[in-house]
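Q: The listed protein sequences correspond, in order, to chains A and B.
For what it's worth, the working numbering labels the leading residue of the first sequence as 2, then goes sequentially.
For what it's worth, the working numbering labels the leading residue of the second sequence as 2, then goes sequentially.
Worth flagging that the hints you see were computed from the coordinates, not collected in a lab.
Honestly, I wouldn't trust all of these hints.
Any copy will do: because identical chains look the same in the list, a pair fits if it lies in one copy or spans two.
[Said to hold, decoys possible] Pairs of lysine to aspartate or glutamate, EDC-like flavour, derived with a Cα cap of 16 Å:
| id | residue 1 | residue 2 |
| --- | --- | --- |
| 1 | Lys23 | Glu301 |
| 2 | Lys365 | Glu394 |
| 3 | Lys162 | Glu181 |
| 4 | Lys162 | Glu364 |
| 5 | Lys235 | Glu148 |
| 6 | Lys19 | Glu148 |
| 7 | Lys235 | Glu91 |
| 8 | Lys289 | Glu181 |
| 9 | Lys289 | Glu397 |
| 10 | Lys289 | Glu394 |
| 11 | Lys19 | Glu364 |
| 12 | Lys19 | Glu367 |
| 13 | Lys162 | Asp195 |
| 14 | Lys60 | Asp267 |
| 15 | Lys365 | Asp129 |
| 16 | Lys250 | Glu301 |
| 17 | Lys235 | Asp199 |
| 18 | Lys19 | Glu149 |
There are 2 protein chains.
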Amino acid sequence: MTMFLSLTPRAEAWNQFKQYIKAGPNETETVNICNAVNRITAQDIISPVNLPGFARSTKDGYAVPASSTFGASEGLPALLTLVGSIRMGEHTDLSLNPHECAEIATGGMMPEGADSVIMVEMCEAMDDKIIAVADSVAPGENVLSAEEDIPVGSLMLPRGKRLRPVDIAALAATGITEVEVAQGPRVAIISTGDELTDIYEIPRPGQVRDMNAYSLYSGIQAIGGIPKLWGIVKDDCASMQDMIAKAHKESDMVVVSGGSSIGERDFTRNAIQTLGSPGVITHGIAIKPGKPTILAVANEKPIIGLPGHPMSCMIVFNLFVAPAIARWMGGTLYRQTIQARVIRNVASAAGREDYLSVRLFREKGEVWAEPIFSKSAAISGLISSDGVMIVPEHAEGVEKGDWVSVILF
Amino acid sequence: MTMFLSLTPRAEAWNQFKQYIKAGPNETETVNICNAVNRITAQDIISPVNLPGFARSTKDGYAVPASSTFGASEGLPALLTLVGSIRMGEHTDLSLNPHECAEIATGGMMPEGADSVIMVEMCEAMDDKIIAVADSVAPGENVLSAEEDIPVGSLMLPRGKRLRPVDIAALAATGITEVEVAQGPRVAIISTGDELTDIYEIPRPGQVRDMNAYSLYSGIQAIGGIPKLWGIVKDDCASMQDMIAKAHKESDMVVVSGGSSIGERDFTRNAIQTLGSPGVITHGIAIKPGKPTILAVANEKPIIGLPGHPMSCMIVFNLFVAPAIARWMGGTLYRQTIQARVIRNVASAAGREDYLSVRLFREKGEVWAEPIFSKSAAISGLISSDGVMIVPEHAEGVEKGDWVSVILF
């Protein structure tokens with residue numbers, strides 16, 4: 002019996018699916034900021050201090066009461082009395098009276114009585130004591146006030162944000178040395194297919210090693226999930242139902258590779274339907290490859306069925322599994338997508354998104370994408386590709402020189 | 002005394018500098034492929050097996066001796082005797098004689114005597130035993146030969162390659178379960194500046210916490226280096242010379258933030274010059290910000306002086322430190338650069354590259370970059386930016402709508 006899948010556009014499938022994905026980890030841990038890079042914040046981070054914490058000069062020049070410069074010009078400079086000098090990093094007890102000034106370096110602490118800095122280029126020392134100022138400054142000019150960069154109590158980083166090196170530096174600047182980060186979801190990886198052997202075994206002719214489990218494992222790990230290999234389940238109803246039920250119980254998310262095409266082998270779909278509601282949300286997505294993908298949810302835990310072909314599996318991982326993990330952790334994945342120009346015409350059917358593996362190269366400052374056509378040489382195709390280019394749903398192909406989006410592997 | 006730096010274009014500076022960076026790690030370690038994602042290969046990886054390892058069908062259909070189909074057409078089909086059926090994953094002992102065929106599934110093992118597969122759409126079963134074939138196939142058609150995907154002894158992954166999930170899957174497919182990866186370089190991080198306090202201390206007014214050490218630490222860690230914080234050295238010649246000499250001895254690479262501008266504080270440069278030859282390669286690069294960057298090498302160990310301003314420090318990290326670490330590990334960094342369109346005109350001086358922090362957003366499928374102008378509010382500028390856009394050296398700015406490259410933070 003041949004059944005046809007009714008196909009859902011990718012964006013629509015994701016929008017339906019994501020509503021069911023519970024945003025928010027159960028478990029968090031506190032780590033030193035030195036171990037926090039690329040981790041996901043588990044709560045909003047609020048600044049405990051004002052930054053810079055003191056009014057500081059943003060220029061080399063003279064700290065002045067702005068009012069003492071009003072009306073000054075090259076022809077009629079204001080003459081101010083120099084009462085001191087302030088270096089960067091130095092605490093100052095200086096207090097200026099009207100018509101007084103202090104030499105100040107960029108980053109230097111503003112003295113009492115001064116509200117602005119006049120740049121050194123506008124000034125001339127008449128002698129050791131008298132500075133001629135050839136322009137006026139407005140109050141606040143060339144000064145960063147004590148709370149102007151980061152005010153105490155302000156939101157620095159929202160929950161669910163991936164901590165980049167710059168974010169960690171910002172935490173350090175406020176004296177935050179530990180941060181609560183999300184534990185990734187426990188993701189069960191189940192492989193199906195009578196042709197599969199464990200990678201530690203020697204396959205008999207006709208068999209292949211279960212490679213998809215390892216791209217999924219590494220991919221999940223790389224974005225902060227906690228993968229667990231559940232091994233290979235034979236294509237029969239009882240074994241599948243048994244393993245998927247256990248994996249579902251012990252994990253936050255389940256991915257099943259292989260066995261997702263309609264026909265004789267949709268044990269996966271049936272097994273998923275026994276787990277709870279709402280069950281299968283989408284079976285069949287308007288993408289190529291990746292059409293037989295299953296998106297399901299049971300007891301608030303996502304379950305994703307991926308195609309068995311290694312390239313298709315990886316594409317569906319990038320389109321659905323990775324964003325689901327990111328969402329579970331309270332964030333959104335900044336998908337590693339770059340723009341490139343395609344080196345040749347590529348035909349495609351309208352009404353579905355096509356994904357073609359490509360090599361990337363740079364020429365004259367532009368990135369170009371070269372589609373790889375490789376029969377069914379699945380593995381050499383994987384290692385030689387930099388990613389997959391997207392031929393949009395409503396396009397009947399792309400033309401040589403067109404800009405395309407490329408999802409990087 | 003004011004001195005002016007003679008500025009070297011960025012690409013030229015990097016090309017000079019990189020010649021001195023020893024490609025190749027001293028230390029390697031062997032890890033299970035489950036712990037290898039994003040690690041760098043320490044040697045060429047050669048396939049120990051042929052893949053797929055057996056001739057397999059790439060289509061659902063009938064395995065046939067191609068010669069038995071020659072001349073077949075819809076009007077005059079070839080009549081072949083069905084002698085068996087082969088499922089995916091099944092080992093077969095079948096051996097076909099001329100004018101015999103066997104049913105075969107995609108991925109199925111080809112039987113002896115068959116050299117091609119005719120797609121099921123071209124065939125009709127006359128009865129249990131006789132299949133009418135309405136087209137001819139060429140030898141090898143719809144068959145992947147035993148070594149066609151990956152031949153035994155072939156180079157799968159070169160030394161110096163970052164292991165992506167797809168690469169790890171390919172290793173799994175060949176039965177490689179452990180891989181030798183490069184230990185990252187030990188990178189010493191030294192901070193200079195009288196205004197700095199350790200982040201565990203409360204700064205007095207006028208002081209700021211040493212945040213750059215932590216963006217450098219996290220950034221180095223994220224790309225596989227082994228960072229070590231050497232702390233803050235006061236801006237005096239003897240302390241600097243002492244610390245940099247020790248750090249240089251105990252590390253593979255040294256980065257020094259702050260203290261790299263020409264003028265009163267070039268202790269860093271002088272200290273570097275005492276370490277060995279060739280010493281400073283470049284001091285002063287035609288970029289803004291980042292001009293006072295120092296690139297040096299002593300005893301084959303790179304030493305990089307970075308500006309003290311947090312954003313400048315991060316830009317120079319991305320332009321020079323990260324690629325130097327990648328090169329040290331035998332690879333090249335795929336810099337996280339995306340193309341975006343700038344939302345407004347940006348002026349720039351020709352003759353230098355400008356880097357402007359930007360926020361990115363998507364609109365109608367395109368990525369747009371919005372420059373952030375933030376006085377000297379260094380820290381809020383860092384956390385609110387997605388990266389920096391590049392205004393090329395020879396351009397006098399870019400216009401609204403122009404495509405620019407953005408280095409992602």
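Q: With identical chains, the pair lysine 289 and glutamate 397 could be close in the same copy or across copies; at 16 Å between alpha carbons, which is it: within, between, both, or neither?
A: Classified as within: same-chain Cα gap 13 Å, cross-chain 44 Å, threshold 16 Å.
Q: Using 16 Å as the alpha carbon limit, work out where lysine 235 and glutamate 91 are close: within a copy, between copies, both or neither.
A: between (72 Å within a copy, 13 Å between copies)
Q: Is it within a copy, between copies, both, or neither that the alpha carbon of lysine 19 lies no farther than 16 Å from that of glutamate 148?
A: Intra 39 Å, inter 42 Å, cutoff 16 Å: neither.
Q: What label fits lysine 19 with glutamate 149 when the C-alpha limit is 16 Å: within, between, both, or neither?
A: neither (38 Å within a copy, 40 Å between copies)
Q: With identical chains, the pair lysine 162 and glutamate 364 could be close in the same copy or across copies; at 16 Å between alpha carbons, which is it: within, between, both, or neither?
A: neither (35 Å within a copy, 22 Å between copies)
Q: Give the relationship of lysine 162 and aspartate 195 under a CA distance limit of 16 Å: within one copy only, between copies only, both, or neither.
A: For lysine 162 and aspartate 195, the Cα distance exceeds 16 Å both inside one copy (41 Å) and across copies (33 Å).
Q: Can you give me the call for lysine 289 and glutamate 181, within, between, both or neither, at a CA distance of at most 16 Å?
A: neither (40 Å within a copy, 35 Å between copies)
Q: If the cutoff is 16 Å on CA atoms, where do lysine 235 and glutamate 148 land: within, between, both or neither? Let me know, please.
A: neither (63 Å within a copy, 27 Å between copies)
Q: Is it within, between, both or neither when you check lysine 289 against glutamate 394 at 16 Å Cα-Cα?
A: Within one copy only: 10 Å inside a chain, 42 Å across chains, cut-off 16 Å.
Q: Go through the copies and call it for lysine 365 and aspartate 129: within, between, both or neither, with a Cα cutoff of 16 Å.
A: The answer is neither: 57 Å in one copy and 63 Å across copies each exceed 16 Å.
Q: With 16 Å as the alpha-carbon cut-off, assign the pair lysine 19 and glutamate 364 to within, between, both or neither.
A: Neither way: lysine 19 and glutamate 364 sit 39 Å apart in one copy and 21 Å across, limit 16 Å.
Q: How would you classify lysine 23 and glutamate 301 at a CA-CA limit of 16 Å: within, between, both, or neither?
A: So lysine 23 and glutamate 301 pass the 16 Å test inside one copy only (6 Å; across, 52 Å).
When the structure is compared with the earlier hints, violations turn up for hints 4, 5, 6, 8, 11, 12, 13, 14, 15 and 18 and for no others.
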